[in-house]
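J.: Going by the working numbering, the first residue of the sequence shown is number 59, and it counts up by one from there.
Treat the hints with care, since some could be wrong.
The calculated SDA-like cross-link candidates involving lysine to any residue, where the alpha carbons are at most 25 Å apart (straight line), are [claimed, not checked]:
1. Lys97 to Gly114
2. Lys162 to Leu142
3. Lys162 to Glu98
4. Lys97 to His65
5. Lys71 to Phe94
Listed next, with one range per pair, are the computed distances between beta-carbon atoms [as the list claims (entries may be wrong)]:
6. His65 to Gln161: 15 to 21 Å
7. Pro91 to Ala196: 32 to 38 Å
8. Asn107 to Arg186: 18 to 24 Å
9. Asp132 to Gly72: 16 to 22 Å
10. Leu90 to Ser124: 20 to 26 Å
Simulated from the structure, these hints should not be mistaken for laboratory data.
Fair warning: this is a prediction, and the values are worked out from it, not measured in the lab.
Cβ coordinates follow ideal geometry from the N, Cα and C atoms, glycine included.
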Amino acid sequence: MYPFVTHTWNAIKGICFHDCPYCYMKKFDGLLPIRFDPKELEVNLGNGNFIFVGSGTDAWAFDIPSDWITRFLDYCNLFNNNYLFQSKDPSRFLEFMGHPVIQKSVFCTTIETNIFYPGIVMNAPGTRERAQAMQELASLE
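Given the sequences, and given the hints that come with them, work out the whole structure.
T.: See below:
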C-alpha cells in the first residue's frame, strides 16, 4: 500500500476493535484478544528505515490504553527511523502530539467514502469524524 515503507512492526496485537468488514487480518484464524506484546520491545528497529507501526491491528483504536501507545512511541524514539501510523480513530493521534517521535512520523487514516452506508457495520468513527481529525492534525503543523 505504501511503497516507501521498508518495514512493519506490531507491538500491539490481536483482534481489532473496529471490526471492519473488509479487514485483511480477518483471513487469519486464531487471532487472540488485543494485547501489548513486550517481546516486541526487544526487536532492533534499526536506523534509516520507514516503519509502518501497527499494520496488523489499529494500535490507536478506542480500546487501546494510552500507556501502551506511549510505550511503543518511546521505543520507536530510541531509533533513527521515520514512522507511519494509521488509524480509523485519528483523533487519538492528537493525544500524543507532544511526543518527540511525532516529528519523524506520518499519520494516515482510511476514508472509504463520503456516503453513509447503514448496512456496513463496524466500530470505527465515521468517515466525516476521521476527516475532521486529520484536518485538525494538519492545522497543527
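J.: Confirm or reject each hint.
T.: So, going through the hints one by one against the coordinates:
1. Lys97 to Gly114: Judged against 25 Å, a Cα distance of about 16 Å means the pair holds.
2. Lys162 to Leu142: 9 Å, holds
3. Lys162 to Glu98: 20 Å, holds
4. Lys97 to His65: Holds, because 17 Å separates the two Cα atoms, which is no more than 25 Å.
5. Lys71 to Phe94: 6 Å, holds
6. His65 to Gln161: 15 to 21 Å: 19 Å, holds
7. Pro91 to Ala196: 32 to 38 Å: 34 Å, holds
8. Asn107 to Arg186: 18 to 24 Å: 34 Å, violated
9. Asp132 to Gly72: 16 to 22 Å: 21 Å, holds
10. Leu90 to Ser124: 20 to 26 Å: Hint holds: Cβ distance 21 Å, inside 20 to 26 Å.
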